[in-house]
Each structure stands twice: as C-alpha cells, then as structure tokens.
Amino acid sequence: MANHINGTGYNTALRELGGEKETVFSEQHRFRYVDQEERWRQEYRQHQAVENQLAAVKKLTYDPVDYASLVIRTPWKDQPFTDFSYLVADAQDQVEKSYFFRVIKRIAIIVALFVVLVIGANAIVLWITGVLGAAVAASLYFIVNDKRSALEKATAEAQFEVERLENEEKKMNEQAKLVHEQSEDARVSEIEKLLDGDLSAVILRLDNVLPKIGFPFPIDIDIEFYNNIPLARVWLPNRDVIPRNICELLPSGRLKYTEKELRDINKQYLELCTAILIQIMLVIYAHIPSFDRGYIYGVSKEELQNNCLINITLERESLTAACQAANVLAAAQALDTQFECDTNLKLSPIEAVRPAEWVDVERKDIRGINIKIFK
1 MANHINGTGY NTALRELGGE KETVFSEQHR FRYVDQEERW RQEYRQHQAV ENQLAAVKKL
61 TYDPVDYASL VIRTPWKDQP FTDFSYLVAD AQDQVEKSYF FRVIKRIAII VALFVVLVIG
121 ANAIVLWITG VLGAAVAASL YFIVNDKRSA LEKATAEAQF EVERLENEEK KMNEQAKLVH
181 EQSEDARVSE IEKLLDGDLS AVILRLDNVL PKIGFPFPID IDIEFYNNIP LARVWLPNRD
241 VIPRNICELL PSGRLKYTEK ELRDINKQYL ELCTAILIQI MLVIYAHIPS FDRGYIYGVS
301 KEELQNNCLI NITLERESLT AACQAANVLA AAQALDTQFE CDTNLKLSPI EAVRPAEWVD
361 VERKDIRGIN IKIFK
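Under the numbering used here, the first residue of the sequence shown carries the number 1, and numbering increases by one thereafter.
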C-alpha cells in the first residue's frame, strides 16, 4: 500500500518517527541537565565546606583542664555479691524429683496390697499379699534411706559449690579493687607530675592531645622545653589552602565564581596562620598547668629559606581576654604578636623569636619533641 502524503509534504509515518526521536533527545537533554545541576550542587557544597573548615580554625576557645578535681581519687565501690544459695535448693529439688516416682510407686503398691488383704478371703492370697507387702515396705524403707543419704550428699556438695563460687567472686572483687587502686595511683601520679612540671609527663600529654586538634590540613610542630618555658615552631600551610574564588549557587542552579581580591586572600591567610598558632598554644596551656609563659612562631613552607612569618609570645593570664576578642587579628593584638605585611597584607619574613630566658642555656639542656597533626 502506498503511503499518503499530507498537505505539508511530509510522510506521516516519518513525521511520527521524527517526533519520537525529538522526544528521546529532549528527555536525554533533561537528564543531562539534571545531572549537571547535581554536580553544580556538589561542587558548591564542597567549596562551602572548605570555607567553613577554614573559618572554624579562627574560632578561639580556652578551656583549661580542671586538674584540681581530677587529682581527687575515685573511691572503689564494691559490686553487689551474687546470692548462690539457690544452688542448694536446686540440688535438693533434683534429688526429690529423681526419687519421687520410685516412692509413689511403692506406696501405691502397698495401698493396693492392703486393699487386697482386706477384701481377700483365701488364706493363700492373704499369705502372698502379706509377703509382697512386707517386701515392698522393706523396699520403700531402703528407698527412703537412699533418698535421705542422697539429699545430704547433694546438699553438702551444693553448699561446697556455693562457698567456692562466693570465694571466687570475692577474689575477683578484690582483684578488680586492686586494679582500680593501681589505675587511680597511676592517674593521680601522672596529674601530680603535670602539676609539678615533670618534663616526661608534659611531653606525653602533648603527644596525646595536640594531634587531636583537627586542622583541615596537616601541620608539623617542633616544640622545645626548658624550665617550664615552651618554644614551638609550626610549619604553616601553603597559601593555596585559601580558595581563590567566591562560589555562589544561583537560583537557576548554575554556579557563579567571583575572583577574590589579592588583599582579601592575603588577609584570610594572615588570619588563618595567626589562628593556627594561637589554637596550638591554647591547647598547650589548657593541658599543661605548669606553663605560664611560652613562645611560638610560624614558618613558611613556600620558600626554601624556611622564613619565619609570625611570632607570638603568650602569657597564660592573657589567653581569656584574647579568646573574647571580636576576631583573630584583634586576638593577636591582645597578645604579643609580631608580623610584617606589605600594602596588600602579604606576610614578610621576620626574625624568629627566641626566649629571653634561654640566653645562657646550653643546647644539651633543652629537650624537644616533634608532633604531626593530620587531617
């Protein structure tokens, strides 16, 4: 059959086929656009997450550990002892159950023989009934004696087991008490060493707490100690941790990138580096009660000279006021912070700080530790 041609000059079947292709193409285009929108949203969320992580570093809090309460020993509390007396009753019940049917059966036989003896008229029946009754009665007597002996034995064995379990539980309680006392002795001793400024205890505590700061990038710290005065050298992150653009998610679902001004990037990096140094010292002071004065400086990784960019001298009494400042730079002003910038707020190399208290100290008398903070 010949295909009909409509007034537009197109074959109807071909036009319908073309319409289906256009529909498929439209659906594919829509799915690709939806998929692209999801990628934009993920990219926006990732960009915002980076900015939020960097902003979180600038939130300064000083929460010193209350060692005065921690030095108080936790008293041992005896656990309630188990009542094992039920084992005696269980053992007696087992014996009673094992002899129950044997006793009942013999009693039933004796009753039946007694009935036969009462109603029987034949002498032979009476004689046989009497003999059987005597035999069953004797058997019952022996069964009752066996039961009594079994009860006494079972009771004695259960009582022995009760005493064994009670003694074992007492020993376990005494052992747990001893472990608790030893643990308390070690814990209190460690805290007392920290309060006294014992260097080994200080190094161990810093090695435990500093890696838990949780910066969004890896940080290396070299800390030196002498006479309860710390000097920390921090390897600062590269400038490229600062996003170069501001990302916005438009109502249409598309992304809009606005390039940051160089001055804004440098300011954000300055604030970040200052916050890193202050955060580290806040953790050190919060966990080491023997430190009242410390020094810290940040070293750039971007140049081979390992230039110092920021120096901070921290007194314990100034930390609370610094944490209450409006922003990181205001907190740095509240502390003894030194840095130099050009007109675009780019940090310039300065001389690394050295404790004035270490002027005549020999190098061999200074202890040190390296701590790595990972993401």
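Read the hints as simulated data drawn from the structure, not as lab findings. There could be a bad hint or two in this list.
The calculated DSS-like cross-link candidates involving lysine-lysine, where the alpha carbons are at most 25 Å apart (straight line), are [unchecked claim]:
{"hint": "1", "residue 1": "346", "residue 2": "301"}
{"hint": "2", "residue 1": "58", "residue 2": "267"}
{"hint": "3", "residue 1": "97", "residue 2": "147"}
{"hint": "4", "residue 1": "59", "residue 2": "212"}
{"hint": "5", "residue 1": "153", "residue 2": "177"}
{"hint": "6", "residue 1": "301", "residue 2": "212"}
{"hint": "7", "residue 1": "77", "residue 2": "147"}
{"hint": "8", "residue 1": "260", "residue 2": "58"}
{"hint": "9", "residue 1": "97", "residue 2": "177"}
{"hint": "10", "residue 1": "105", "residue 2": "59"}
{"hint": "11", "residue 1": "301", "residue 2": "193"}
{"hint": "12", "residue 1": "267", "residue 2": "59"}
{"hint": "13", "residue 1": "59", "residue 2": "372"}
{"hint": "14", "residue 1": "256", "residue 2": "301"}
{"hint": "15", "residue 1": "97", "residue 2": "59"}
{"hint": "16", "residue 1": "267", "residue 2": "256"}
{"hint": "17", "residue 1": "193", "residue 2": "171"}
{"hint": "18", "residue 1": "301", "residue 2": "58"}
{"hint": "19", "residue 1": "193", "residue 2": "59"}
{"hint": "20", "residue 1": "372", "residue 2": "58"}
{"hint": "21", "residue 1": "260", "residue 2": "301"}
{"hint": "22", "residue 1": "59", "residue 2": "346"}
{"hint": "23", "residue 1": "105", "residue 2": "153"}
{"hint": "24", "residue 1": "171", "residue 2": "58"}
{"hint": "25", "residue 1": "77", "residue 2": "212"}
{"hint": "26", "residue 1": "364", "residue 2": "212"}
{"hint": "27", "residue 1": "346", "residue 2": "267"}
{"hint": "28", "residue 1": "170", "residue 2": "77"}
{"hint": "29", "residue 1": "147", "residue 2": "260"}
{"hint": "30", "residue 1": "59", "residue 2": "301"}
{"hint": "31", "residue 1": "364", "residue 2": "58"}
Cβ pair distances, simulated, as ranges [said to hold, decoys possible]:
{"hint": "32", "residue 1": "243", "residue 2": "336", "range": "29 to 35 Å"}
{"hint": "33", "residue 1": "55", "residue 2": "367", "range": "34 to 40 Å"}
{"hint": "34", "residue 1": "349", "residue 2": "73", "range": "29 to 35 Å"}
Remember, it's a predicted structure, so these values are computed and weren't measured experimentally. Cβ coordinates follow ideal geometry from the N, Cα and C atoms, glycine included.
Consistency of the hints with the structure:
1. 346 x 301: holds (15 Å)
2. 58 x 267: holds (13 Å)
3. 97 x 147: holds (10 Å)
4. 59 x 212: With a Cα-Cα distance of about 16 Å, the restraint between residue 59 and residue 212 holds, given a limit of 25 Å.
5. 153 x 177: violated (36 Å)
6. 301 x 212: Holds, at about 22 Å.
7. 77 x 147: violated (44 Å)
8. 260 x 58: holds (19 Å)
9. 97 x 177: violated (42 Å)
10. 105 x 59: Distance of about 87 Å is beyond 25 Å: violated.
11. 301 x 193: violated (36 Å)
12. 267 x 59: Judged against 25 Å, a Cα distance of about 16 Å means the pair holds.
13. 59 x 372: With a Cα-Cα distance of about 21 Å, the restraint between residue 59 and residue 372 holds, given a limit of 25 Å.
14. 256 x 301: Status violated; Cα separation ~32 Å.
15. 97 x 59: Violated, at roughly 75 Å.
16. 267 x 256: holds (23 Å)
17. 193 x 171: Not satisfied, since the Cα-Cα distance of roughly 33 Å exceeds 25 Å.
18. 301 x 58: With Cα atoms ~21 Å apart, residue 301 and residue 58 stay inside 25 Å; holds.
19. 193 x 59: violated (31 Å)
20. 372 x 58: Answer holds: residue 372 to residue 58 is near 20 Å, not above 25 Å.
21. 260 x 301: Roughly 23 Å between the alpha carbons, so the hint for residue 260 and residue 301 holds.
22. 59 x 346: holds (22 Å)
23. 105 x 153: Holds - the C-alpha atoms of residue 153 and residue 105 are around 24 Å apart, at most 25 Å.
24. 171 x 58: This hinted pair is violated, its Cα atoms lying about 54 Å apart.
25. 77 x 212: violated (33 Å)
26. 364 x 212: Not satisfied, since the Cα-Cα distance of roughly 30 Å exceeds 25 Å.
27. 346 x 267: holds (8 Å)
28. 170 x 77: Satisfied, since the Cα-Cα distance of roughly 13 Å is no more than 25 Å.
29. 147 x 260: violated (97 Å)
30. 59 x 301: Roughly 24 Å between the alpha carbons, so the hint for residue 59 and residue 301 holds.
31. 364 x 58: violated (36 Å)
32. 243 x 336: 29 to 35 Å: Taking Cβ atoms as reference, residue 243 and residue 336 lie about 31 Å apart, which means the hint holds.
33. 55 x 367: 34 to 40 Å: Cβ of residue 55 to Cβ of residue 367: about 36 Å, so the range 34 to 40 Å holds.
34. 349 x 73: 29 to 35 Å: violated (52 Å)
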